[in-house]
Each structure stands twice: as C-alpha cells, then as structure tokens.
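Engineer: One-letter residues, chain by chain:
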Amino acid sequence: MKDKGKKEQSAQQRSDKTPVIVIEHLVKRYGPLTALDDVSIEVGRGEIVGLLGPNGAGKSTAMNILTGYLSASGGRVLVDGVDVLLSPIEAKRKIGYLPEQPPVYPDMTVDEYLAFVYQLKGCTLPREQHLDDVCKAVRITEVRSRLIRNLSKGYRQRVGMAQALIGDPPLLIFDEPTVGLDPKQIIEVRNLLRTLGRRHTVILSTHILSEVQAVCERIVVIDRGRVVANERTEDLGRAVSEHAAYRYRILGPEREVVSELRARHGVARAELLPEREGDAVTVLVECERGVDVRRAVFSLCASKGWPILGLSPVGADLEDIFLRLVSQEK
Amino acid sequence: MLAIYKRELSAYFSTPIGYVFCAIFLALSGAVFSYTTLFSMTADVTSYFTVMLLLLVILVPLLTMKLFSEERKQRTEQLLLTAPVSLYAMVGGKFLAAYTLFAGCTLLSFLSFFILYLSAHVKTAVLFGNLVAILLLGMTFIAIGIFVSALTENQLAAAIGTVAILLVLVLVSFLNSVISVYWIRFVLSSISVFARFQNFTQGVFDIAALFYYLSVSAVFLFLTVRVFEKRRWG
Numbered sequence: 472m473k474d475k476g477k478k479e480q481s482a483q484q485r486s487d488k489t490p491v492i493v494i495e496h497l498v499k500r501y502g503p504l505t506a507l508d509d510v511s512i513e514v515g516r517g518e519i520v521g522l523l524g525p526n527g528a529g530k531s532t533a534m535n536i537l538t539g540y541l542s543a544s545g546g547r548v549l550v551d552g553v554d555v556l557l558s559p560i561e562a563k564r565k566i567g568y569l570p571e572q573p574p575v576y577p578d579m580t581v582d583e584y585l586a587f588v589y590q591l592k593g594c595t596l597p598r599e600q601h602l603d604d605v606c607k608a609v610r611i612t613e614v615r616s617r618l619i620r621n622l623s624k625g626y627r628q629r630v631g632m633a634q635a636l637i638g639d640p641p642l643l644i645f646d647e648p649t650v651g652l653d654p655k656q657i658i659e660v661r662n663l664l665r666t667l668g669r670r671h672t673v674i675l676s677t678h679i680l681s682e683v684q685a686v687c688e689r690i691v692v693i694d695r696g697r698v699v700a701n702e703r704t705e706d707l708g709r710a711v712s713e714h715a716a717y718r719y720r721i722l723g724p725e726r727e728v729v730s731e732l733r734a735r736h737g738v739a740r741a742e743l744l745p746e747r748e749g750d751a752v753t754v755l756v757e758c759e760r761g762v763d764v765r766r767a768v769f770s771l772c773a774s775k776g777w778p779i780l781g782l783s784p785v786g787a788d789l790e791d792i793f794l795r796l797v798s799q800e801k
Numbered sequence: 022m023l024a025i026y027k028r029e030l031s032a033y034f035s036t037p038i039g040y041v042f043c044a045i046f047l048a049l050s051g052a053v054f055s056y057t058t059l060f061s062m063t064a065d066v067t068s069y070f071t072v073m074l075l076l077l078v079i080l081v082p083l084l085t086m087k088l089f090s091e092e093r094k095q096r097t098e099q100l101l102l103t104a105p106v107s108l109y110a111m112v113g114g115k116f117l118a119a120y121t122l123f124a125g126c127t128l129l130s131f132l133s134f135f136i137l138y139l140s141a142h143v144k145t146a147v148l149f150g151n152l153v154a155i156l157l158l159g160m161t162f163i164a165i166g167i168f169v170s171a172l173t174e175n176q177l178a179a180a181i182g183t184v185a186i187l188l189v190l191v192l193v194s195f196l197n198s199v200i201s202v203y204w205i206r207f208v209l210s211s212i213s214v215f216a217r218f219q220n221f222t223q224g225v226f227d228i229a230a231l232f233y234y235l236s237v238s239a240v241f242l243f244l245t246v247r248v249f250e251k252r253r254w255g
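As they're listed, the protein sequences go chains A and B.
If you read the first sequence in this note's numbering, its first letter stands for residue 472, the second for the next number, and so on.
If you read the second sequence in this note's numbering, its first letter stands for residue 22, the second for the next number, and so on.
Hints may contain errors.
[To be verified] Below, simulated DSBU-like cross-link-like pairs (lysine-lysine); rule was C-alpha separation at most 30 Å, straight line:
{"#": "1", "chain 1": "A", "residue 1": "LYS592", "chain 2": "A", "residue 2": "LYS607"}
{"#": "2", "chain 1": "A", "residue 1": "LYS624", "chain 2": "A", "residue 2": "LYS592"}
{"#": "3", "chain 1": "B", "residue 1": "LYS94", "chain 2": "B", "residue 2": "LYS251"}
{"#": "4", "chain 1": "B", "residue 1": "LYS144", "chain 2": "B", "residue 2": "LYS251"}
{"#": "5", "chain 1": "B", "residue 1": "LYS27", "chain 2": "A", "residue 2": "LYS607"}
{"#": "6", "chain 1": "B", "residue 1": "LYS94", "chain 2": "A", "residue 2": "LYS624"}
{"#": "7", "chain 1": "A", "residue 1": "LYS565", "chain 2": "A", "residue 2": "LYS624"}
{"#": "8", "chain 1": "B", "residue 1": "LYS27", "chain 2": "A", "residue 2": "LYS592"}
{"#": "9", "chain 1": "A", "residue 1": "LYS592", "chain 2": "A", "residue 2": "LYS565"}
{"#": "10", "chain 1": "A", "residue 1": "LYS607", "chain 2": "A", "residue 2": "LYS655"}
{"#": "11", "chain 1": "B", "residue 1": "LYS94", "chain 2": "A", "residue 2": "LYS592"}
{"#": "12", "chain 1": "B", "residue 1": "LYS94", "chain 2": "A", "residue 2": "LYS565"}
{"#": "13", "chain 1": "B", "residue 1": "LYS251", "chain 2": "A", "residue 2": "LYS565"}
{"#": "14", "chain 1": "A", "residue 1": "LYS607", "chain 2": "A", "residue 2": "LYS624"}
{"#": "15", "chain 1": "B", "residue 1": "LYS144", "chain 2": "A", "residue 2": "LYS624"}
{"#": "16", "chain 1": "B", "residue 1": "LYS144", "chain 2": "A", "residue 2": "LYS565"}
{"#": "17", "chain 1": "A", "residue 1": "LYS565", "chain 2": "A", "residue 2": "LYS607"}
{"#": "18", "chain 1": "B", "residue 1": "LYS251", "chain 2": "A", "residue 2": "LYS592"}
{"#": "19", "chain 1": "B", "residue 1": "LYS27", "chain 2": "B", "residue 2": "LYS251"}
None of these hints come from the bench; they were simulated from the model.
Throw the hints in and build the complete structure from the sequences for me.
Structural biologist: Rendered as structure tokens:
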C-alpha cells in the first residue's frame, strides 16, 4: 500500500517533463589539464542520479561547477532554467549541497548552525517548523543542543545533510555522502536518500558501485573527464555488454562440447575455463549481439545426452560493467 | 550579510580569541594610558595615541588571522561560496564583525579619559581627532588583515604576514623622516598610512585623509573578493 503510494507520487513528478539540470558541452581546464571534456547531461525532475567514476575522474569538479563553487572553462549549466554563470545567486537558491567534507563549524551547536544556515540562505519558510522538520528528516533531533565539535562523524554528516535541506531546494547534490560511515549508518543514509528522492531531484556522487545500484534510478559514469555511460540502472548492463555471456557446466567430452558449442548459430565465442567438477567441464559461452543462445544450447545438450549441471550469467554486476567501461575507454 | 556578521561576531566569543583580544587590548591601553598621562603628570594625549597606533600592528592580526584561513582549512568556505550570497556580502560581513569588536574595545578604552577630565584641562578636539584617527587606521589595518587571511589556510601564516605588511607601512613612515631626496619622500609619504592622520591628532578634521583611509580599506576588501573570484576561475 505504502509502495503503491510512492510509485504514484514519483510517477506524478516524472510527468513534469522540464529537466531540473541541463549541462551542455561542459569543459573545465586547469592549465594544461582537462578535468572535464565536453560533458552533457540532463536530469529530470524527481530523478535520483548517481555520478560514478574512479577517484579523480572529475565527479567533484562537475559538482563544484554545478553548485557555482567553481567556474567552467566552456559550456553551459542550467539549474531549473537558471544559468549558473549568469545568475549564480538565483541558481544557488535552488540547490542544497553537501560537499565531500560536511561544511560545519565545530564551535557552534547544531541549533546555532542550522539557524545560521537558515539566515544565510535567506529562507522564508516558517523557521521553527522548518528546522524541526529538517532535523526529524535526518534524525538529529536528539543532538540539537550539542556542540558540533563533540559529534561523531555520522552525526556531522547528517548535520551537513540537514544544512543542504534547509530552504527546501528542488535540487539536492551530495558528494560521497556515505564515506567514513559505519555499515548501519550507510544503510540509514541510503534510506534517507531514497526518501528524499520522492520530493527532490537528487544527484549523488560516489565511487562505491553497490551504492548507486541500491539508490539510483539512473547512472552517469565519468572517467577521465568524459561521460562514458548514461543509462537507467537496469539498462546499464545490457548497454555495456553487447555480448551476453554465460558460464555453463556440462557433463560431456571436453573437445566435443566446445567444438559443438562453437558450431551453434548465435555463439560468438565458446571457451573452456579451467574449473572442473568431476568429469564436467566449464565453458564460457558468449552470444552474438541480440541473440539468446540458451535454448539452442539446451537442445544441443539434450540431443547429445550431456547433462547441464550449472548455468550462470557472467558480467551482470556493476563491478564488471564498470571495469569494462573504464578499460574500453583506454 | 547579516547572517555572516552575526556568526562571525559570536564566533569571536565562542572561542578564546575574542576574549584574548579584548583583554590584551584593554590591558595595554590601560597601561599605556597610565604611563603616558597619569605618571607623566600631563593631559597631553598625543603620545598615548602614537603608542596605541603602533600596538595596532600586533593587535589587529589577532582579529583577522582566522577569518578566512580557518574557513578554508575546515572546508566551511564551501558553504559560504555555494550559498545564495554575494562575495561582497561575505567579505563585508566578516569585515564588519572584526571592526565591531575593534571599535567596541577602542570606545571602551576611552572611558579612561574621564579620569583626565576630573583633574586636568583636556583638549577635547584633539582627543576626538585622535579617536577618529585610530578608528580609521584600525579599519584600514583590518581590511589588510582580511586580505592576507584570504590568501592562506594557515592562521599563523596569516597573522605573521599581516604583521609584516603593517610593519612595512610603519617603517615607511620612519624612513620618511630620514631620507632627504624630495621625490622619494613624496612617494613614501603618499603610501604612508601614518602620515595621513597628523591633522587628526592636531584636532583638525581632514576630509582628504578620511577618504584616503576609506578608499585603501575598500581596495583591500575588493582585492579579497578578487582572491575568491580568481580561485573560482582557477
């Protein structure tokens, strides 16, 4: 029941077609070094997008330009229709940003800090109510009167998130929000991100693959300043591996199994793997693009009387995809 | 701007630095006052102000050293620079916070002159001329200190750098009295921040000097804004 409500709500938001972020041909150079090279991304309302890439790929640079902290060397960034370069103050009003290191003042209490941010952002929402809501959302109500200096890393991170939420901006940008947290806190933060994704557009940068898989609807992979993939999470695997691949364990004569498999229509490659199970051989079978060979392999084995002891898809998890994408580029 | 001003002012007193500044400032001012007037049996306040102006060289960096360097070190500047606030408001807020504390202490230290009024004839015009001079010079020094603080993320480097620049400005004024070549003296006296307040110390309100201090302060605050602009484009 609850899930149904969620889906309806997010479907409603997605029907609003205007993109919240338009990044066009963004270039950033640091002297001779090109940190971002012709990056173009669009993010729709209510989407949760994961920005993924190895360390130093340009994720933080992209986020810093988006938030107006850095300027671009070329290209254009629109946030909710407002150009970040031409009217930075208006654009910044629409963004809640949590940098990699939460920008909290250790000498203030949580309450003082949030009141400061509230005033800094020129927020007009009813103050007490809004701050209460924000604290409840990130669950820091019990530490509001404590000095930030004395809070744990997890709480500081959440205070940083509270800061981003103040003013209820339509776009939230989080730079590696779960770094340095313990597993329980990571799960909490991910749940929080999903909750926030219902009312806000969320951009999340990370180099942890399982994180985007768990939270994001769409993944943008950046490597050495370029976008190498921009897909819905579930489509990414298909897009990357042009050839679906399976690992078969077949009980049959080694050479014959391989040569017969190679002869099948739709099989791009069949290779013997070193693993064995008794007399059974393990074969890696790669399909040609758009062809599913599993039926053909089944009927082959059935006609030859070779039992199939095992079958598992290969390269379907993000780690594999990611490594393939990044190495393809090279 | 108001938010930054208020935060900065309260930060002075949530860390020891505000108390330390006030304590040192008032203690030194009290001691200098006693020595230059009470113990010397004179109502002439000029030497009090000369010494106080020199002491500003080490007092002002206490106020300004952490204003931007600490933000950069703690990465809190990212909050300010991504908030819907202009750079001018950010720099202005911090400048006003430092200046409020400085002006507050200066005015507080002026209470000691009531003692003089009780027992001697004080030239009120000279007294107030000096007050204006010290307030203007403090303003310029704070602007310079803020600029240096924006250049580094090390508080100590900011403090030492500020002291060094202010010392050079003082030495320039002394050189001025040693060198006899006219055009060098002319150049030196143009950049000497001390030469300007001579009229004030005589009790004359010098509009040209007022604009001089205001514009030097504005230039350094503007340069501070440029430091952030440059880093953004870097």
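Engineer: Tell me the numbers of any earlier hints that the structure contravenes, in ascending order.
Structural biologist: 4, 15 and 16
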